[in-house]
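Chains as they are written, first to last, in the UniProt record's numbering: chain A, 1 to 298; chain B, 1 to 298.
Honestly, the hints are just simulated from the structure, not real lab data. Be aware that one or more of the hints could be misleading.
The list makes no distinction among identical chains, and a pair is therefore deemed to hold if it is satisfied within one copy or across any two copies.
Said to hold, decoys possible - Dumping the calculated DMTMM-like pairs for lysine to aspartate or glutamate here, alpha-carbon to alpha-carbon at most 25 Å:
| no. | residue 1 | residue 2 |
| --- | --- | --- |
| 1 | Lys109 | Asp70 |
| 2 | Lys11 | Glu172 |
| 3 | Lys107 | Glu267 |
| 4 | Lys26 | Glu9 |
| 5 | Lys109 | Glu253 |
| 6 | Lys107 | Asp129 |
There are 2 protein chains.
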Amino acid sequence: MKVIRSISELKHELQQYRVSSQHNAKIGLVPTMGFLHNGHASLMTRAREFADVVVVSIFVNPIQFGPGEDYETYPRNEERDLALAEKQGVDIVFIPTVAEMYPQPTKTKIRVSERTDRLCGASRPGHFDGVTTVVSKLINIVQPQFAFFGQKDAQQVAVLQQMVMDLNINVEIVPCPIVREEDGLALSSRNVYLNTEERKQALVLSRSLRDAEVAFNDSKSVTASELREKILSMIQSSPLAKIDYIEVLTFPELIPVADNAIVTEVESQIIIALAVKFGTTRLIDNMLFMPKGAFSIV
Amino acid sequence: MKVIRSISELKHELQQYRVSSQHNAKIGLVPTMGFLHNGHASLMTRAREFADVVVVSIFVNPIQFGPGEDYETYPRNEERDLALAEKQGVDIVFIPTVAEMYPQPTKTKIRVSERTDRLCGASRPGHFDGVTTVVSKLINIVQPQFAFFGQKDAQQVAVLQQMVMDLNINVEIVPCPIVREEDGLALSSRNVYLNTEERKQALVLSRSLRDAEVAFNDSKSVTASELREKILSMIQSSPLAKIDYIEVLTFPELIPVADNAIVTEVESQIIIALAVKFGTTRLIDNMLFMPKGAFSIV
Chain A
1 MKVIRSISEL KHELQQYRVS SQHNAKIGLV PTMGFLHNGH ASLMTRAREF
51 ADVVVVSIFV NPIQFGPGED YETYPRNEER DLALAEKQGV DIVFIPTVAE
101 MYPQPTKTKI RVSERTDRLC GASRPGHFDG VTTVVSKLIN IVQPQFAFFG
151 QKDAQQVAVL QQMVMDLNIN VEIVPCPIVR EEDGLALSSR NVYLNTEERK
201 QALVLSRSLR DAEVAFNDSK SVTASELREK ILSMIQSSPL AKIDYIEVLT
251 FPELIPVADN AIVTEVESQI IIALAVKFGT TRLIDNMLFM PKGAFSIV
Chain B
1 MKVIRSISEL KHELQQYRVS SQHNAKIGLV PTMGFLHNGH ASLMTRAREF
51 ADVVVVSIFV NPIQFGPGED YETYPRNEER DLALAEKQGV DIVFIPTVAE
101 MYPQPTKTKI RVSERTDRLC GASRPGHFDG VTTVVSKLIN IVQPQFAFFG
151 QKDAQQVAVL QQMVMDLNIN VEIVPCPIVR EEDGLALSSR NVYLNTEERK
201 QALVLSRSLR DAEVAFNDSK SVTASELREK ILSMIQSSPL AKIDYIEVLT
251 FPELIPVADN AIVTEVESQI IIALAVKFGT TRLIDNMLFM PKGAFSIV
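Looking at chain A on its own, in the form it has when it is part of the complex (with noise of 0.2 Å):
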């Protein structure tokens, strides 16, 4: 496995791949943040399945971080992230340093609209601009033919598509399933901030939504807002839940189903999302519901 920290020298890394195969080495990208987790390691296990190339970048965005996000204290840990993609046998990991990535500070950002409208897009304004920014960087840079993301971050799956529909991007945005803990909480580099308690609590958001996948497939009546309420009702039930939103919407559209809609019978895919923080830490979750007459994209 190869570490690379510059961007000249992993474009003429896998210039060489190129060149030795003839055409034929599909590249895939795993673009992360680091502080690997299992979920990442999934992430990994698909690209070796899809591509003869894996390359896993590590690259704690600054300009997906609004101000008083957690930027600064995101946890990092260069040394295990390498151990753990050295065994799911990565071919390249890129970290580069932000002055790499960012020699001068850009004044071009690539803006999504409608799909960011809602959810996390709402609650972190310029969030996703930073994504699809960078995201547009690293296809640039490693010009793969596949990237995969979990589907944890479900939205941002839903906007990377639609600006690679958009802009004609030759790579296939390959969304992943999320990985849980055994006890149902999703993986996320962000668990670890989490004391005791709030982890404990936390259990509620995966419980909300295995309650409401139950609810989807007995009944033939529920309406979203009757999901979204028992939900709601749940999440509440823990102490230390300060909700931000759960929204009951179609996938990847991300436009809201009406309330009084009957859930089996929207003619889309749907997603239940949630983000709730329990004490400083902000956790999201989601799960796809697939109603008669939607067919999955994912």
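We have chain A already, so just place chain B on it with the hints.
Relative to chain A, chain B alone:
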């Protein structure tokens, strides 16, 4: 010369070139809005010098026109355009429809800040977002090593160079000198809008720039505001001229030069840029100046 109207066919065709020449075929892209003139021809000549495969795109891009601008009436003449491209030895002319380029209205826009604040960026809000977005699409489709643009649209060159740098796009933006009629009028597809009297009076633009050049070369102490005043009073002597802007800026940063700065001593390349309406036709023109201490990037 091949005339191609679909993105997938164009990609397929270009892939043939890439494979057949074992990675070495350099592709040059000349993006245009058609109604081609000798200015465009000079871009094709330049592309021929740089590239093995010359692709000219002809696409009147709706999203770079503002409400009330001339999108609907922008001059079009495909037959003549194809004859000109053929004569220039172009390999491929790409003429997509609006539906081919925008199967859905784009929700993704690329926005370059600062360099778009002044000149046409100020007069035509949203214009450059439309330009950067469509050029980015064309670059992703064609994947050229070089893309050629006329220096008449100097701000466009500056904005695209910023975008390419910020987003790590794998292309070199090659600016090409302004081509003029014998009497000095800068070539533009919009010149056909001018009636005889307007066309005659429009010569004041190039004349005023040449006068500024003489002042720049002859005087060691001329200031930015003196240069601008000189041009202003000359253009105002044309009764049909309605001035949009006359600006003295650094290039390509497009930062205003201080009024009292002695232009020959500025440590940066300088541009004098004009936009003036004659009747309903808005014309632009500009000239680059190289003070001592500055070095050219064009």
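So, going through the hints one by one against the coordinates:
no., hint, verdict
1, Lys109 with Asp70, "within (21 Å within a copy, 27 Å between copies)"
2, Lys11 with Glu172, "both (20 Å within a copy, 16 Å between copies)"
3, Lys107 with Glu267, "between (41 Å within a copy, 22 Å between copies)"
4, Lys26 with Glu9, "both (19 Å within a copy, 22 Å between copies)"
5, Lys109 with Glu253, "both (22 Å within a copy, 17 Å between copies)"
6, Lys107 with Asp129, "both (12 Å within a copy, 13 Å between copies)"
Taken one by one, the earlier hints all hold for this structure without exception.
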